[in-house]
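Undergrad: Full structure from sequences and hints, please.
Chains as they are written, first to last, in the working numbering: chain A, 1 to 508; chain B, 1001 to 1392.
Bear in mind the hints are in silico, worked out from the structure with no lab data behind them. Model, not experiment: these values are computed from the prediction. We treat Cβ as the ideally placed atom computed from N, Cα and C, and that holds for glycine. Take these hints with a grain of salt, some might be off.
Partial selection, computed: residues in chain A whose CB lies under 7 angstroms from chain B [said to hold, decoys possible]: (1) E314; (2) K317; (3) V330; (4) I332; (5) S335; (6) Q336; (7) A347; (8) Q352; (9) L353; (10) S354; (11) H359; (12) I367; (13) S368; (14) L370; (15) L385; (16) L502.
From chain B, some residues computed to sit far from chain A (all C-beta separations above 10 angstroms) [stated by the list, open to error]: (17) A1189; (18) V1212; (19) K1289; (20) D1384.
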Amino acid sequence: MPEQKKVLLRISNVSKSFPGTKALDNVSLDVYEGEIHAICGENGAGKSTLMKILSGVYPGGSYEGEFFLQGTKCQFAGVKDSEQFGIRIIYQELTLVPQMTVAENILLGAEPNKYGIINQNQLYSQAEQLLKEYDLNVPCSAKVSSLGIGQQQMVEIAKALSGRARLLILDEPTSALTIDETETLLRIIRELKGRGVTCIYISHKLEEVFEIADRISVLRDGKLIGTAETSQLDHNKVVSMMVGREMESQYPPRQRQVGDVILSVKNWTVVKDGGASRPVVQDVSFDLRRGEVLGIAGLMGSGRTELVQSIFGEYGKRVSGELILNGEPVTINSSQDAIKHGLALLAEDRKQLSLILKHPILTNVTISSLRELLRGGVIDQNRELSAVHDYRDRLAIKAPSVHTVVNELSGGNQQKVAIAKWLMTDPQVLIMDEPTRGIDVGTKYEVYKLMNDLTSRGVSIIMVSSELPEVLGMSDRILVMREGTMAGIVDNDNVSMEEIMLLATGAA
Amino acid sequence: MKGLLAVDMRSYTIVLALVVLWIALSLLSDGAFFTPRNLSNLFRQGSVVAFIAVGMVLVIAAGQIDLSAGSLAGLAGAIAALMQVRWLPALAASTGWTALASGWPAAILSIAAAVACGVALGAVQGVWVAYGKVPAFIVTLGGSLVFRGWLLGITRGVNIAPMDPKFQLLGQAYLSTGLGTTLGMIAVAAVIAYRIYSRINRQRYGLTVRPVWLEALATVGVCAMIIFFVTQMNSYRGIPVPVILLLALAGLFTFITTRTQFGRHVYAIGGNIEAARLSGINIRQSIFKIFMVVGAMAGVSGAVLSARLNVATANAGSQFELNAIAACVIGGTSLAGGEGSIPMALIGALIMASVDNGMSLLNVESFWQQIIKGLILATAVLIDVNSRKGRD
Ligand SMILES: Nc1ncnc2c1ncn2[C@@H]1O[C@H](COP(=O)(O)OP(=O)(O)OP(=O)(O)O)[C@@H](O)[C@H]1O
Ligand SMILES: [Mg+2]
Chain A
1 MPEQKKVLLR
11 ISNVSKSFPG
21 TKALDNVSLD
31 VYEGEIHAIC
41 GENGAGKSTL
51 MKILSGVYPG
61 GSYEGEFFLQ
71 GTKCQFAGVK
81 DSEQFGIRII
91 YQELTLVPQM
101 TVAENILLGA
111 EPNKYGIINQ
121 NQLYSQAEQL
131 LKEYDLNVPC
141 SAKVSSLGIG
151 QQQMVEIAKA
161 LSGRARLLIL
171 DEPTSALTID
181 ETETLLRIIR
191 ELKGRGVTCI
201 YISHKLEEVF
211 EIADRISVLR
221 DGKLIGTAET
231 SQLDHNKVVS
241 MMVGREMESQ
251 YPPRQRQVGD
261 VILSVKNWTV
271 VKDGGASRPV
281 VQDVSFDLRR
291 GEVLGIAGLM
301 GSGRTELVQS
311 IFGEYGKRVS
321 GELILNGEPV
331 TINSSQDAIK
341 HGLALLAEDR
351 KQLSLILKHP
361 ILTNVTISSL
371 RELLRGGVID
381 QNRELSAVHD
391 YRDRLAIKAP
401 SVHTVVNELS
411 GGNQQKVAIA
421 KWLMTDPQVL
431 IMDEPTRGID
441 VGTKYEVYKL
451 MNDLTSRGVS
461 IIMVSSELPE
471 VLGMSDRILV
481 MREGTMAGIV
491 DNDNVSMEEI
501 MLLATGAA
Chain B
1001 MKGLLAVDMR
1011 SYTIVLALVV
1021 LWIALSLLSD
1031 GAFFTPRNLS
1041 NLFRQGSVVA
1051 FIAVGMVLVI
1061 AAGQIDLSAG
1071 SLAGLAGAIA
1081 ALMQVRWLPA
1091 LAASTGWTAL
1101 ASGWPAAILS
1111 IAAAVACGVA
1121 LGAVQGVWVA
1131 YGKVPAFIVT
1141 LGGSLVFRGW
1151 LLGITRGVNI
1161 APMDPKFQLL
1171 GQAYLSTGLG
1181 TTLGMIAVAA
1191 VIAYRIYSRI
1201 NRQRYGLTVR
1211 PVWLEALATV
1221 GVCAMIIFFV
1231 TQMNSYRGIP
1241 VPVILLLALA
1251 GLFTFITTRT
1261 QFGRHVYAIG
1271 GNIEAARLSG
1281 INIRQSIFKI
1291 FMVVGAMAGV
1301 SGAVLSARLN
1311 VATANAGSQF
1321 ELNAIAACVI
1331 GGTSLAGGEG
1341 SIPMALIGAL
1351 IMASVDNGMS
1361 LLNVESFWQQ
1371 IIKGLILATA
1381 VLIDVNSRKG
1391 RD
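TA: This is how it looks when you write it as structure tokens:
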């Protein structure tokens, strides 16, 4: 290296094991002062575990090795200690209190006070100043619950910066953001860098990583594979470092035999529960054919999730609309009805809506198909076990056993468990809402292959996704939503990303 | 529902706590605690709360709570008493069906009335919680006032007695020693057979099994507990009928919670209600059923209580629900929902009953008894919460 950079953080021979897994294996790594250091790796590579060590979630003594901040050895007993040291971490899952205002959240635990009585005016002015300083565009007195995910993310950043942050860690901050929101976030991070804040940035989206990082480190199976300047790397190199082999393409080839119409949605209009306001989904009609993948694109908040959840019988109130399945009109008022008719919905947020995190893989996978496992009203445990083993092998779920608690799996493997649950119901229509959110390139490819496999067996898939390349890579047709209405439905040949964006934003 | 060893560790700790407690109480009472007669009493006394604890496991595992079970047990016990003391004799007098007024018919109708009362009122609360969307805490807090008030109303504050001799058997009879021994041997054989069967099964699926010594030790431990229990009971008067009924019902509900669709749904709802909803579980129906179950168990508890004491009083069953919740929690049922085991809750109930019994034996003043029980409950949760592996 030509110029001598100052090391802010030195990680030296850090290892950490969980029962049955070695999450980190002798990792040594330097982070320079003022740089944006990206860490890439497949699901379960150990990225989050390393960050949890740095932030004191896993206290000193629960891992081997050591790390130094500006030469001082760190031994944190908890998160509070690391905050004192100026290490701030932002998770993918937001940690804000939704009922409180933006300002209250930003200064939560550090409220300006006298004898314990909070000075409201100072609280708001302090928060306002902070937001202005970093050019974050959020209203200070708004309730957090009224903000979109992107804005909440900014509040989270402001909160992190309210202390004296020397090292800002972002663990998959953009997985729930729209393209615009992502751009804003990247801009903010760059500005922070200009102010001397050092950043560790974790993301499965390599485009972002290349756009923003000064250096990139790759972890695989808990080991550091290498660190290099971004300029010396390219997309393929990073991917092959991550997966340990060359990846030919991001999407498996599409060869679909599309059949007859299996599901028709007609004039579908839905309002929020209780709210008599503007419909969240308005007059949407489309057909789904046997063995096809119908992509649903649109901006965040355009009603995509609401559309699919209401078809599944679990969102709001239907004002008008008809569902025709295999030529017969059907009424679906609940997930039970939906499953009975062969529909499945892989929900958007796996931790909140798909999985029971504290339960083992086994019961998570079978919860929707217990009926099939009954013998004389009793669950046949042998059949249950062997069925779940089949799915574990088929989807290559990485876990010590099927009795492993889902919480202990990495994001990608959790998603596979959720997928297994729905495959087990043997659906004819599988709705996938953001199926690859927060999962790595290798696993994504597996999910895509699985989708192709399903369609070749005659299953029809509706895929909601915010990632346009994925929509274009996987769909036969693309339905674009805009502000609750259907902006268009196009065949996926020779459509460009720009055309889809144009439909989604309505900007001409 | 955690990993195999984690569950094991927790149950070993609880059993160990029970053993330590018994040794301590025996030493403090110069052996008076550890006599077959006292142990027999302890089991009989403890069973009334334990019935409720069995139902409470389901309630808490589903992320709900029931604060009315004690009052409901009291009310159901009074219904059983009134049935045989007033209503059936009155019916017999007006219709001439004298056979109904006493003996087995009266006993059976009284028990049925108590259970029916529990199921019906449990169902009403279930409707409020599941379909009315009122939090269970509020519904059952209100319910406890309503039931207690109702109980005062129908008894007018006077004791209802005496019970029919046949009805009293429910709370006071003992199995013959021969029958007790036979049941004990069957239980030991069943435990050994089941342990071997499930071990072979797990191996067949390539699952981790406990080391042989641990498996053997655990099996020997359980069998020793059974043998100890049977011999102690037999050297007094035999196994008490309410205890056998409790074990039968606990076995039934353990089976239901672990091996049926309903049971899985209960845990899923408590584990993550949103995920459960989207997984095709009928949340309302399940919650409704859970409240019927706990109501039924409160009904049984009330009937057994009236039979054992040979009287129904206006304050019968007071604070049973708190003791039952304590039993569940000591047995490792998480108040956050999604976890909980009935056998462990029974051990929890036994711990609570032992503390009660032991302190009375030692003539501890009643204010101290309350303070100590409160501290035990809080400490149990403290240990439980902190021994759970913290995960983000
Ligand atoms: N508390 C835990 N108990 C047991 N195993 C764990 C625990 N936390 C993580 N693991 C395991 O450690 C490994 C590393 O997990 P980690 O969460 O660090 O992965 P990651 O690189 O952040 O993956 P992702 O991209 O999916 O978020 C995984 O195999 C995971 O299953
Ligand atoms: Mg992670």
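Undergrad: If a hint holds in the structure, say so; if it does not, say that too.
TA: Structure-based check of each hint:
With 7 angstroms as the threshold, the beta carbon of E314/A comes within range of chain B, its nearest partner Cβ sitting at about 6 angstroms, so the hint holds. Violation of the interface hint for K317/A is found here, the shortest Cβ-Cβ separation to chain B being roughly 16 angstroms, above the 7 angstroms cut-off. Evaluation of the V330/A hint against chain B yields a violated restraint, the C-beta minimum of about 15 angstroms exceeding 7 angstroms. Of the supplied interface hints, the one on I332/A is violated, with its beta-carbon coming no nearer than about 11 angstroms to a beta-carbon of chain B, more than 7 angstroms.
Checking S335/A against chain B by beta carbon gives a least distance of about 4 angstroms; that is within 7 angstroms, so the hint holds. Satisfaction of the interface hint for Q336/A is found here, the shortest Cβ-Cβ separation to chain B being roughly 5 angstroms, below the 7 angstroms cut-off. Proximity of A347/A to chain B holds as hinted, the smallest CB-CB distance being about 5 angstroms (cut-off 7 angstroms). The criterion of a C-beta within 7 angstroms of any C-beta in chain B is met by Q352/A, whose closest approach is roughly 6 angstroms, and the hint holds.
A hinted interface residue such as L353/A counts as satisfied when its beta carbon comes closer than 7 angstroms to some beta carbon of chain B; here the least separation is about 5 angstroms, so the hint holds. For the restraint placing S354/A at the interface with chain B, the shortest Cβ-Cβ distance is roughly 6 angstroms, inside the 7 angstroms limit, so the hint holds. Nearest Cβ of chain B to the Cβ of H359/A: about 5 angstroms, under the 7 angstroms cut. The hint holds. Because the smallest distance between the Cβ of I367/A and any Cβ of chain B comes to about 5 angstroms, under 7 angstroms, the interface hint for this residue holds.
Residue-level restraint check for S368/A holds (minimum Cβ-Cβ distance to chain B is 5 angstroms; threshold 7 angstroms). A hinted interface residue such as L370/A counts as satisfied when its beta carbon comes closer than 7 angstroms to some beta carbon of chain B; here the least separation is about 4 angstroms, so the hint holds. At its closest, the beta carbon of L385/A sits 5 angstroms from a beta carbon of chain B; the interface hint therefore holds under the 7 angstroms criterion. The beta carbon of L502/A comes no nearer than 33 angstroms to any beta carbon in chain B, farther than 7 angstroms, and the hint placing it at the interface is violated.
With a cut of 10 angstroms on Cβ distances, A1189/B stays outside the contact zone with chain A, its closest approach being about 21 angstroms. Listed as a non-interface residue, V1212/B keeps its Cβ farther than 10 angstroms from every Cβ of chain A; the least gap is roughly 19 angstroms. Here K1289/B stays apart from chain A, with its beta-carbon at least about 14 angstroms from theirs, past the 10 angstroms limit. With a least beta-carbon separation of about 14 angstroms from chain A, D1384/B lies farther than 10 angstroms from that chain, consistent with its non-interface assignment.
Checked against the numbered hints above, the structure violates hints 2, 3, 4 and 16; every other hint is satisfied.
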